[in-house]
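Peer 1: Each chain, written out:
Protein chains: 2
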Amino acid sequence: MITSPDNSQLKLIRKLARKKARDQAGLFVAEGEDLVEAARVSGWGPEVLLRAGEDVEPALLDRVSALGSGSRVIGVYRERWSEPGGQRSVYLHGVADPGNVGTIIRSAHALCDGPVLLGPGCADPYSPKAVRAAMGSIFARPPARARFAELPEWTVALDASAVPVLADQVTAMAPPVVLCVGGERNGLPDEVLRAAGRRARLPLRDGGPQSLNAAMAATIGLWELAHRMAGDA
Amino acid sequence: MITSPDNSQLKLIRKLARKKARDQAGLFVAEGEDLVEAARVSGWGPEVLLRAGEDVEPALLDRVSALGSGSRVIGVYRERWSEPGGQRSVYLHGVADPGNVGTIIRSAHALCDGPVLLGPGCADPYSPKAVRAAMGSIFARPPARARFAELPEWTVALDASAVPVLADQVTAMAPPVVLCVGGERNGLPDEVLRAAGRRARLPLRDGGPQSLNAAMAATIGLWELAHRMAGDA
Chain W
24 MITSPDNSQL KLIRKLARKK ARDQAGLFVA EGEDLVEAAR VSGWGPEVLL RAGEDVEPAL
84 LDRVSALGSG SRVIGVYRER WSEPGGQRSV YLHGVADPGN VGTIIRSAHA LCDGPVLLGP
144 GCADPYSPKA VRAAMGSIFA RPPARARFAE LPEWTVALDA SAVPVLADQV TAMAPPVVLC
204 VGGERNGLPD EVLRAAGRRA RLPLRDGGPQ SLNAAMAATI GLWELAHRMA GDA
Chain L
24 MITSPDNSQL KLIRKLARKK ARDQAGLFVA EGEDLVEAAR VSGWGPEVLL RAGEDVEPAL
84 LDRVSALGSG SRVIGVYRER WSEPGGQRSV YLHGVADPGN VGTIIRSAHA LCDGPVLLGP
144 GCADPYSPKA VRAAMGSIFA RPPARARFAE LPEWTVALDA SAVPVLADQV TAMAPPVVLC
204 VGGERNGLPD EVLRAAGRRA RLPLRDGGPQ SLNAAMAATI GLWELAHRMA GDA
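From first to last, the protein sequence lines are chains W and L.
Each residue of the first sequence is one higher than the last, beginning at 24 in the working numbering.
Each residue of the second sequence is one higher than the last, beginning at 24 in the working numbering.
Please note that the accuracy of each hint is not assured.
Which copy is meant is left open, so a pair is good if it fits within one copy or across any two.
As the list claims (entries may be wrong) - Below, in silico cross-link-like pairs of lysine to any residue (SDA-like), each with a Cα-Cα straight-line distance of 25 Å or less:
1) LYS38 / ALA249
2) LYS34 / GLY231
3) LYS152 / GLU173
4) LYS38 / PRO107
5) LYS43 / GLY231
6) LYS38 / LEU216
7) LYS152 / GLY231
8) LYS34 / PRO175
9) LYS152 / ARG41
10) LYS38 / ARG251
11) LYS152 / GLU214
12) LYS38 / ALA195
13) LYS34 / ASP78
Derived from the structure by calculation, the hints contain no laboratory data.
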């Protein structure tokens with residue numbers, strides 16, 4: 024039973040709240056019984072596993088939680104990265120909010136068969152907030168690192184200023200298709216918009232907000248890919 | 024220029040991070056130039072408006088920020104509540120995450136014409152995290168408090184265990200329609216499921232997560248209402 028805050032495993036967990044430490048160690052933290060169970064189901068073994076009251080004093084575990092949620096269990100895992108692939112996937116460019124990146128990992132796991140492709144300027148998918156938002160999907164379908172130039176031929180970029188709507192565009196496309204989504208403030212940069220085969224918008228009501236949250240836009244886009252495109256999902 | 028942390032306006036802002044204080048005062052805080060500008064555009068006058076370097080020392084404003092984002096401006100506003108209405112709206116029951124509630128307020132503003140209806144167990148839409156997630160939509164379309172029993176006849180409850188899919192259900196419905204969405208862990212309680220006229224699910228891939236994030240589910244549901252239902256949105 025760990026009873027000292029100077030324990031090396033506790034120190035590691037605290038350190039992994041920082042991106043630099045995660046990058047150096049190639050490790051990340053998952054907090055809570057649901058996530059640790061999801062890791063087990065997906066065949067991930069923890070590098071460290073601390074259970075409150077069994078391996079460590081509960082108060083000490085609380086103090087290393089990055090989420091402040093009083094987790095009863097915290098696991099440390101080795102980061103994994105998928106290879107791009109699948110018939111339908113989503114490429115993110117400049118999606119800097121970790122909650123959005125994690126939520127999109129979860130939505131993509133529910134709606135399409137390829138991993139989330141992370142381009143420049145995206146939040147670290149292994150940050151505590153991203154892992155919590157992705158839930159078990161971070162283990163079941165880890166994201167991939169991707170460069171836009173390597174995407175398959177059929178890409179469609181979400182662009183609020185485009186004339187065509189996504190539903191019309193995707194019915195004319197054949198898999199593999201990659202949906203490109205940018206950050207909600209700046210959208211996709213010009214070079215991505217130019218290079219994408221097609222641009223399309225999600226029609227919104229007049230007088231409403233100019234854009235959706237990036238995770239909402241990506242999720243609706245994947246929903247349209249899943250339900251309006253020919254071919255097996 | 025405010026130069027003391029004991030200033031009453033700074034103390035008010037700090038106090039309003041707590042729900043109890045918001046409920047007692049009927050006031051809430053909006054942080055950042057975008058939100059304060061959105062309030063102005065929607066015709067909301069602030070009770071208090073503090074600009075860093077003009078009204079208050081920047082370091083003091085930083086210290087009362089609930090979001091820790093180094094806001095240059097913070098406004099205090101009086102809470103407003105809409106009346107239920109519109110041809111399409113969403114009713115939330117037990118959606119306890121403030122980010123989800125705020126995001127749904129933004130999505131509903133983009134996709135449907137009625138205010139978000141907040142039932143029991145929902146996060147306070149005027150908490151700092153909810154306001155930030157809702158962005159300008161909190162001012163353009165404030166939420167309504169609602170009881171399930173008061174909803175219109177056409178309600179459809181999202182229920183992962185239902186057989187019909189939402190797309191098929193909504194094509195057969197006429198406005199006004201209210202989509203009912205529960206918390207992601209427990210879904211909707213039995214009394215709501217029993218009382219709702221219809222239940223429907225959002226079809227997800229086999230082998231994926233059992234559910235979507237509550238904000239994702241609500242947003243896709245509203246997307247389906249907007250695009251698959253007869254009648255004007």
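Peer 1: Run every hint past the structure and note whether it holds.
Peer 2: Going down the list of hints, with the structure as the test:
In this assembly of identical chains, the alpha carbons of LYS38 and ALA249 never lie at most 25 Å apart, being 40 Å within a copy and 46 Å across copies at closest. For the homomeric pair LYS34 and GLY231, neither the shortest alpha-carbon distance inside one copy (47 Å) nor that between copies (34 Å) is at most 25 Å. Within a single copy, LYS152 and GLU173 get their C-alpha atoms no closer than 28 Å, and across copies no closer than 37 Å, so neither meets the 25 Å cut-off. In this assembly of identical chains, the alpha carbons of LYS38 and PRO107 never lie at most 25 Å apart, being 30 Å within a copy and 48 Å across copies at closest.
Taking identical chains as interchangeable, the C-alpha atoms of LYS43 and GLY231 are never at most 25 Å apart, the minima being 39 Å within one chain and 31 Å between chains. When the C-alpha separation of LYS38 and LEU216 is checked against a cutoff of 25 Å, the pair qualifies neither within a copy, at 38 Å, nor between copies, at 45 Å. With identical chains, the CA atoms of LYS152 and GLY231 are at most 25 Å apart between copies only, with a shortest distance of 20 Å across copies and 29 Å within one. Taking the closest pair of Cα atoms, LYS34 and PRO175 never come within 25 Å of each other, the shortest separation being 43 Å inside a single copy and 55 Å across copies.
When the C-alpha separation of LYS152 and ARG41 is checked against a cutoff of 25 Å, the pair qualifies both within a copy, at 12 Å, and between copies, at 22 Å. For the identical chains of this complex, LYS38 and ARG251 are neighbours neither inside a copy (45 Å) nor across copies (49 Å), given an alpha-carbon limit of 25 Å. Proximity of LYS152 to GLU214 under the C-alpha cut-off of 25 Å is found in neither arrangement, the shortest distances being 30 Å within a copy and 33 Å between copies. In this assembly of identical chains, the alpha carbons of LYS38 and ALA195 never lie at most 25 Å apart, being 48 Å within a copy and 55 Å across copies at closest.
Taking CA atoms no more than 25 Å apart as the test, LYS34 paired with ASP78 passes inside one copy only; the shortest distance there is 15 Å, against 42 Å between copies.
Hint compliance for this structure: hints 1, 2, 3, 4, 5, 6, 8, 10, 11, 12 are not met, and every other hint is.
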